[in-house]
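Undergrad: Next come the chains, spelled out residue by residue.
2 protein chains.
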Amino acid sequence: MFFMVIERVLIVDPVDGEFTGDVEVDDGKICRIRKRECTPRGILMPGFVDPHIHGVMGADTMNCDFERMEEFLYSQGVTTFLATTVSTSLEKMKEILGKARDYIFKNPETSLFGVHLEGPYISREKKGAHSEKYIRTPSKEELKEIDLPAKVLTFAPEIENSAILLELLEKAIVLSAGHSNATFEEFMKFYREGVKRITHFPNALRTLHHREVGIMGAGLLLDDVKVELICDGVHLSKEMVKLVYRVKGAGGIILITDSISTAGFKEGTTTLGDLVVKVKEDVPRLEDGTLAGSTLFFSNAVKNFQRFTGASLKELAIVSSYNACLEFGLADRGRIKEGMKADLVLLDEDLNVLMTVKSGDTVFSA
Amino acid sequence: MFFMVIERVLIVDPVDGEFTGDVEVDDGKICRIRKRECTPRGILMPGFVDPHIHGVMGADTMNCDFERMEEFLYSQGVTTFLATTVSTSLEKMKEILGKARDYIFKNPETSLFGVHLEGPYISREKKGAHSEKYIRTPSKEELKEIDLPAKVLTFAPEIENSAILLELLEKAIVLSAGHSNATFEEFMKFYREGVKRITHFPNALRTLHHREVGIMGAGLLLDDVKVELICDGVHLSKEMVKLVYRVKGAGGIILITDSISTAGFKEGTTTLGDLVVKVKEDVPRLEDGTLAGSTLFFSNAVKNFQRFTGASLKELAIVSSYNACLEFGLADRGRIKEGMKADLVLLDEDLNVLMTVKSGDTVFSA
Chain A
1 MFFMVIERVL
11 IVDPVDGEFT
21 GDVEVDDGKI
31 CRIRKRECTP
41 RGILMPGFVD
51 PHIHGVMGAD
61 TMNCDFERME
71 EFLYSQGVTT
81 FLATTVSTSL
91 EKMKEILGKA
101 RDYIFKNPET
111 SLFGVHLEGP
121 YISREKKGAH
131 SEKYIRTPSK
141 EELKEIDLPA
151 KVLTFAPEIE
161 NSAILLELLE
171 KAIVLSAGHS
181 NATFEEFMKF
191 YREGVKRITH
201 FPNALRTLHH
211 REVGIMGAGL
221 LLDDVKVELI
231 CDGVHLSKEM
241 VKLVYRVKGA
251 GGIILITDSI
261 STAGFKEGTT
271 TLGDLVVKVK
281 EDVPRLEDGT
291 LAGSTLFFSN
301 AVKNFQRFTG
311 ASLKELAIVS
321 SYNACLEFGL
331 ADRGRIKEGM
341 KADLVLLDED
351 LNVLMTVKSG
361 DTVFSA
Chain B
1 MFFMVIERVL
11 IVDPVDGEFT
21 GDVEVDDGKI
31 CRIRKRECTP
41 RGILMPGFVD
51 PHIHGVMGAD
61 TMNCDFERME
71 EFLYSQGVTT
81 FLATTVSTSL
91 EKMKEILGKA
101 RDYIFKNPET
111 SLFGVHLEGP
121 YISREKKGAH
131 SEKYIRTPSK
141 EELKEIDLPA
151 KVLTFAPEIE
161 NSAILLELLE
171 KAIVLSAGHS
181 NATFEEFMKF
191 YREGVKRITH
201 FPNALRTLHH
211 REVGIMGAGL
221 LLDDVKVELI
231 CDGVHLSKEM
241 VKLVYRVKGA
251 GGIILITDSI
261 STAGFKEGTT
271 TLGDLVVKVK
281 EDVPRLEDGT
291 LAGSTLFFSN
301 AVKNFQRFTG
311 ASLKELAIVS
321 SYNACLEFGL
331 ADRGRIKEGM
341 KADLVLLDED
351 LNVLMTVKSG
361 DTVFSA
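Protein chains in written order, with the UniProt record's numbering: chain A, 1 to 366; chain B, 1 to 366.
Read the hints as simulated data drawn from the structure, not as lab findings.
One should not assume that every hint holds.
Where chain A lies over chain B, by a calculated footprint (3+ residues, C-beta under 8 Å) [unchecked claim]:
no., segment
1, 194-208
2, 215-225
3, 333-341
Anything over 12 Å on all C-beta distances counts as not near chain B; from chain A, calculated [claimed, not checked]:
no., residue
4, THR20
5, ASP26
6, ARG34
7, THR39
8, ARG124
9, ASN161
10, ILE164
11, GLU193
12, GLU212
13, LYS238
14, LYS303
15, THR362
Idealized CB from N, CA, C, for every residue including glycine.
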């Protein structure tokens with residue numbers, strides 16, 4: 001961490017918008033922003049946040065490969081991420097949470113912000129690529145063990161005993177509805193208690209029907225519900241991304257990769273928890289054809305979103321970083337503003353990553 | 001047709017908005033509008049337009065009961081309507097068009113504006129309450145026989161030979177996609193040729209899927225596509241109506257009743273074309289449970305839409321009259337403006353119809 005000046009860039013802040021100038025970094029923080037007219041040599045945005053990633057380039061949350069994930073994600077401009085589990089045993093969950101806690105303790109400037117527990121309290125009908133044997137209803141005993149660094153728990157509102165999950169809100173764990181067959185009203189019960197987030201919308205959710213719009217309809221209708229989107233062009237068609245953007249605006253969208261350990265390999269076989277996943281032409285599926293996570297890289301998610309929707313750079317900063325920071329109460333990042341943590345990504349005009357800065361250190365450079 | 005002054009009303013125009021005053025009517029037209037501050041004794045809106053009604057109170061388009069339909073519809077504030085057929089033989093279509101033509105010729109001030117041909121060129125998979133034996137693909141020979149007073153034809157874009165239907169546009173017949181399993185792209189082919197309307201959205205349409213948003217996704221996504229809505233609270237849930245309103249705004253919505261001859265009778269048995277329909281608790285269904293039109297009255301459609309969406313009075317004038325007038329090129333009505341035809345409906349504050357005026361004549365008074 002030393003003094004750094006990022007000169008002549010188009011600065012994109014999710015609140016103040018776009019302007020040209022220089023950014024001075026000192027002691028890991030943005031210490032000064034100089035607005036001035038210049039021809040920018042790149043686009044400077046707040047470092048990307050991926051709140052839903054299972055693995056990448058062979059590294060896997062289930063194997064606690066946090067360091068390898070972190071390392072690779074810098075090449076994608078990601079400066080904050082949640083290592084994401086699939087439905088598993090309580091023992092395994094405790095092990096992963098424990099190791100993540102240690103890793104964060106030993107690496108105070110790590111981009112690993114915590115763990116996203118996807119399941120196991122989800123719907124069997126909407127299990128997607130979760131192993132059925134681990135899917136269960138929540139109990140007081142299990143919930144006692146779930147604590148920080150868990151930051152998000154994906155659950156199905158309609159399952160038995162789901163109401164006790166609301167206790168997790170007191171531990172500052174964000175509840176995200178997902179892998180769910182919930183009706184509109186079943187979701188609304190949790191919405192009224194503060195659940196305002198939906199996991200990989202609208203994958204693994206009850207389909208929108210005109211007589212029961214369900215959780216998907218709720219996600220579209222309710223302004224203050226934020227939805228994760230996998231913008232790989234496979235999980236959702238371009239038109240669906242456009243529709244979500246049109247209905248909710250950038251303020252309601254959080255880009256994620258949902259990538260698994262094979263991301264980065266065109267073909268091959270891997271596992272997602274207990275399940276065998278085959279990757280063919282870059283798309284990972286279970287044997288029965290069910291999509292099993294993605295092979296999406298975060299910088300491509302940003303490019304695709306821009307291409308599908310025509311969003312502005314300011315909006316890209318909102319969906320790739322700011323919204324996630326807001327929901328996690330991360331007040332020290334997600335903006336390009338004096339006093340904020342120097343988590344930054346420099347992009348060329350085609351949105352390729354040129355450089356990533358984490359807490360003032362250059363952690364990647366193309 | 002004589003001179004009439006409608007005094008002290010809240011005038012609601014779909015363009016100029018709401019203001020209080022008096023409306024003077026002479027020779028069937030609005031001759032003067034006097035704006036002035038006053039306590040209004042009712043809400044004056046352009047007469048309602050129902051472009052999709054099969055029958056009501058025992059009267060049926062298939063039996064050419066135009067006079068009885070017209071008569072009853074005045075009690076609903078409807079001053080323009082399209083008598084709507086179900087899929088039937090060419091002979092029957094010709095008979096209905098012929099009789100409608102005669103009726104309009106003999107009654108120049110009738111509210112029967114023409115015929116909406118719903119089918120027979122629709123999808124077998126999405127047939128709803130249409131008799132399968134009449135569903136067919138279009139041919140040059142049949143199209144020769146289809147002419148005014150047909151004003152709308154509901155068709156499925158994806159069926160064989162559907163492209164020849166575009167010829168009907170030259171006869172000023174509006175093409176409306178419906179009873180259709182069309183993909184997004186199948187609909188887009190017709191959209192690009194000028195088809196910008198969808199029948200009773202999203203009933204009898206391919207479901208919105210996140211990887212193929214289909215014709216339903218197109219209806220939501222495309223600003224200049226207008227969609228018919230059956231606001232009876234049965235065909236679509238309240239939330240779905242809200243969602244369509246939220247996405248498209250009042251400018252994209254056309255209220256219809258889609259009512260059948262049993263509308264007005266709580267219980268009973270009737271036919272829709274060849275099919276037997278049973279009405280139970282006000283909901284008409286085929287034996288297999290398929291919804292078969294509605295028992296909705298137009299004034300209730302307006303009330304429900306207001307209740308479901310919170311739309312303003314100006315927006316109610318847009319969805320109940322103005323949009324339909326625009327799409328049919330009806331430049332002489334749909335506004336409360338000097339020089340326009342005096343087709344008016346006076347409502348109380350709960351939107352009950354107090355009086356209906358057609359071409360300057362009081363045709364209903366509560």
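Undergrad: Now tell me, hint by hint, if it's right for this structure.
TA: Verification of the supplied hints:
1. Coverage of the segment 194-208 of chain B by chain A holds. Counting CB-CB distances below 8 Å, 4 residues qualify, and the rule asks for three or more.
2. Only when three residues or more bring their CB closer than 8 Å to a CB of chain A does the claim for the segment 215-225 of chain B stand; here the count is 4, and the claim holds.
3. Coverage of the segment 333-341 of chain B by chain A is violated [criterion: at least 3 residues with CB-CB distance below 8 Å; count 0].
4. With a minimum CB-CB distance of about 34 Å to chain B, THR20/A clears the 12 Å threshold, and the non-interface call stands.
5. Against the 12 Å criterion, ASP26/A stays outside the reach of chain B, whose nearest CB is about 46 Å from its own CB.
6. Non-interface call for ARG34/A relative to chain B: holds, since the shortest CB-CB distance, roughly 41 Å, exceeds 12 Å.
7. THR39/A, annotated as away from the interface, keeps every beta carbon of chain B farther than 12 Å; the closest lies near 36 Å.
8. For ARG124/A, the requirement that its beta carbon stay farther than 12 Å from each beta carbon of chain B is met, with the minimum near 21 Å.
9. No Cβ of chain B comes within 12 Å of the Cβ of ASN161/A; the nearest lies about 26 Å off, and the non-interface call holds.
10. Every C-beta of chain B lies more than 12 Å from that of ILE164/A, the closest at about 27 Å, which supports listing it as non-interface.
11. Under the 12 Å C-beta cut-off, the non-interface status given to GLU193/A relative to chain B holds; the minimum distance is some 19 Å.
12. Distance check for GLU212/A against chain B: the nearest CB is about 6 Å away, which does not clear 12 Å, and the non-interface claim fails.
13. Non-interface status of LYS238/A relative to chain B is broken: a Cβ of that chain comes within 12 Å, the nearest being about 9 Å off.
14. For LYS303/A, the requirement that its beta carbon stay farther than 12 Å from each beta carbon of chain B is met, with the minimum near 20 Å.
15. Remark: the non-interface label on THR362/A is consistent with the geometry, its nearest Cβ contact in chain B lying 39 Å away (cut-off 12 Å).
Checked against the numbered hints listed earlier, the structure breaks hints 3, 12, 13; every other hint is satisfied.
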